[in-house]
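Undergrad: Below are the chains, spelled out letter by letter.
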Amino acid sequence: MAKTIIEFKDIVKRYGETEVLKGINFQIEQGKFYTLLGPSGCGKTTILRIIAGFTDASEGDVMFDGKRINNVPANKRKVNTVFQDYALFPHMNVFDNVAFPLTLRKVSKKDIRTRVLDALKMVQLSGYEDREINEISGGQQQRVAIARAIVNEPDVLLLDEPLSALDMKLRKEMQYELRALQQRLGITFIFVTHDQEEALAMSDEIFVMNAGQVLQTGSPVDIYDEPINHFVADFIGESNIVRGHMVADYLVSFAGHEFKCVDAGMRPNEPVEVVIRPEDLDITTVAKGSLTMTVDTQLFRGVFFEITGHDDTGNSWRIRSIHRTEVGAQVGVFFDPEDIHVMRFNESEEDFDARLETYEGEESDR
Amino acid sequence: MKQGKLFYYIPYGLWIALFVIAPVVLIVYQSFFNIAGHFTLSNYATYFHSGVYLKMTFNSVWYAFLITAITLLISYPTAYLLNQLKHKQLWLLLIILPTWINLLLKTYAFIGLLSRSGSVDSFLTFIGIGPKQLLFTDASFLFVATYIEIPFMILPIYNAIAELSPSYVNASRDLGASGWQTFSRVIFPLTLDGVKSGVQSVFIPSLSLFMITRLIGGNRVITLGTAIEQHFLVTQNWGMGSTIGVILIVAMVITMLLTGERKKKGRTRHAK
Ligand SMILES: Nc1ncnc2c1ncn2[C@@H]1O[C@H](COP(=O)(O)OP(=O)(O)O)[C@@H](O)[C@H]1O
Ligand SMILES: [Mg+2]
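Order-wise, the sequence lines are chains A and B. Numbering (our numbering) for the first sequence: 25 to 390. Numbering (our numbering) for the second sequence: 459 to 730.
Hints are computed from structural coordinates only; laboratory data are not their basis. Just so it is clear, the structure is predicted and the values come from calculations on it, not from any experiment. Don't take every hint at face value.
Unchecked claim - Capping the alpha-carbon separation at 30 angstroms, the derived lysine-lysine pairs in DSBU-like fashion look like this: (1) A/K133 - A/K145; (2) A/K133 - A/K27; (3) A/K100 - A/K56; (4) A/K91 - A/K145; (5) A/K46 - B/K544; (6) A/K100 - B/K463.
Claimed, not checked - Some chain A residues well away from chain B (every beta-carbon gap over 12 angstroms; in silico): (7) D109; (8) L112; (9) D120; (10) E330; (11) H334.
Here a beta-carbon is modelled for each residue, glycine too, at the ideal position from N, C-alpha and C.
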């Protein structure tokens, strides 16, 4: 296991009366790509500001490399930030901006030059060093900001929604590049976004946040396949969430039927929520279907049809299907036991993980 | 549409024509006539050949420089601190407030304070230092001039600092700059425009101060402003007065050029 570089222990942050971080605990390992994902206002920037040292935690310990750094000033932390608005110094050109951190210390002119040019090359901006900041595009400014942040070789790079100002195409491009850059540099990235697709595409680990709390931590696949609760399931991608109850281990009841599933460890008859991703549902004949649905709408989305409908018990369903159907038709909806994910109400991440431990050994393919 | 727009420029155009262009043209015109009303260049010859006028010019520039420098030294930290305060608008108002009081009134107030048996002198006597000659000294002149000019320096600097995005400061700290490095490398250069407008609005009027030089400085400091006043009101030599006026205008233009749009140059210098 990689070395833990940053740790939050019961971090609380208050502004006056309002608690914007409500007891955050996490560990950041060296060399991985982390994403803080959550809706606007949930406290992502505040976490970065606490790590960078721009603001203090009201309670709790911030650990860096095993030492408490709550009282270490920002300029003494081996952490650099790529700001949401880039914060490039307008009175300096590209070269001077990137050279800035080096000129603060006793680095020779020659070394500065080599390192700045290297950093610019790293972000594919060779040849731009004499440009003024207002003479380059938003995407290029973004790269300069990254070059400036990595030229000092920090242990951790913090990126606060760095792609949100870019247009769709450039954004996608930068996602690849950032990911590649992180792997080349081998330093820890902590990336903030409210865009779940971005988070899924780039991260080793995602922290899903809401209202000042980390709801779930895990790899993109874990979080997508096994969301801990309604909020996470809904926030990460599109999902069908219906109410039901657990009949027994590996048997869940919803939409008026009982289905085999791969979840266990709940109380008998415990009310639960069931998640099935739209792409896991298939349209078939009524006879072959797991349940029967009346089609309400159908949209052609290019690669697939997006179909919505409702079953006999009133649950609505969203399906991504490569086969077309007719609005108003009765169709079968088919899914496998593995496509069903069962969520308990108000289960904490610890309990969730503990419960998974109890039965995942038996079910090794999960 | 176009005519409608033109219409709005009329008051402005009239104002500029009547109160800016016309006076300047008249001054330049006047400066080419001697006291007898004949066209001549002798006023300029006198100016450049008499040590008196050159010395006055030097005095004006020197004292204006001193006033500006002292004002700046006091104003920058003040403006900076002001920006950190909670009720900064209120504090700023307190600093602007004295500018609403008539200049002459304030000057007389200082005469009362600084004169023999004035409050300051009594206080100095009381603590055993005085009595001292306060009024009619260089120091008192500089003191009062600085006092009067300070708000005009603080205001533009305050605004420049207020407009400075805090993320520049954060970025600088984040990249490893100490407090002082952040100030000298980021905050000061980025608020330099405010400093420049402050310097302009203090240095230029200070060049032609004459009332304070007389009332507080006791005419120990003779500046171009004093000379102009004397020529127009006492010796009635309008030609010579205008010549000095032209010199002052030139000095102002030079100041504007030095403190004004130097962005281009500043940029290329950085590129090196
Ligand atoms: N300086 C501040 N004073 C008061 N409230 C603040 C301050 N900064 C942030 N907040 C509040 O803290 C919450 C979290 O903010 P932030 O961390 O910026 O959210 P995010 O980056 O996830 O959008 C928000 O509700 C915001 O209004
Ligand atoms: Mg934010």
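Undergrad: Are the Cα positions of A/K91 and A/K145 separated by 30 angstroms at most?
TA: Roughly 34 angstroms between the alpha carbons, so the hint for A/K91 and A/K145 is violated.
Undergrad: Given the hinted pair A/K100 and A/K56, is their alpha-carbon gap at most 30 angstroms?
TA: Holds, because 22 angstroms separates the two Cα atoms, which is no more than 30 angstroms.
Undergrad: Within 30 angstroms, alpha carbon to alpha carbon, are A/K46 and B/K544?
TA: Holds. A/K46 to B/K544 sits at ~27 angstroms (cutoff 30 angstroms).
Undergrad: Would the pair A/K133 and A/K27 pass a check requiring their Cα atoms to be no farther apart than 30 angstroms?
TA: Violated - the C-alpha atoms of A/K27 and A/K133 are around 35 angstroms apart, more than 30 angstroms.
Undergrad: With d taken as the least Cβ-Cβ distance between A/H334 and chain B, does d exceed 12 angstroms?
TA: A/H334 is indeed farther than 12 angstroms from all Cβ atoms of chain B, at 49 angstroms.
Undergrad: Would you assess whether A/D109, listed as outside the interface, keeps its beta-carbon beyond 12 angstroms of every beta-carbon in chain B?
TA: Check fails; 6 angstroms does not lie beyond 12 angstroms.
Undergrad: Holds or violated: are the alpha carbons of A/K133 and A/K145 at most 30 angstroms from each other?
TA: holds, 18 angstroms
Undergrad: For A/L112, is the shortest beta carbon distance to chain B beyond 12 angstroms?
TA: violated, 8 angstroms
Undergrad: Please confirm whether A/D120 is truly not at the interface, meaning its C-beta sits more than 12 angstroms away from all C-beta atoms of chain B.
TA: Its Cβ does come within 12 angstroms of chain B, the nearest being 6 angstroms, so this is violated.
Undergrad: In terms of Cβ atoms, is chain B entirely out of 12 angstroms range of A/E330?
TA: A/E330 clear of chain B: closest Cβ-Cβ about 41 angstroms, beyond 12 angstroms.
Undergrad: For the pair supplied as a hint, A/K100 and B/K463, is the alpha-carbon distance within the 30 angstroms limit?
TA: Since the Cα atoms of A/K100 and B/K463 sit roughly 57 angstroms apart, the hinted pair is violated (cutoff 30 angstroms).
Hint compliance for this structure: hints 2, 4, 6, 7, 8 and 9 are broken, all remaining hints hold.
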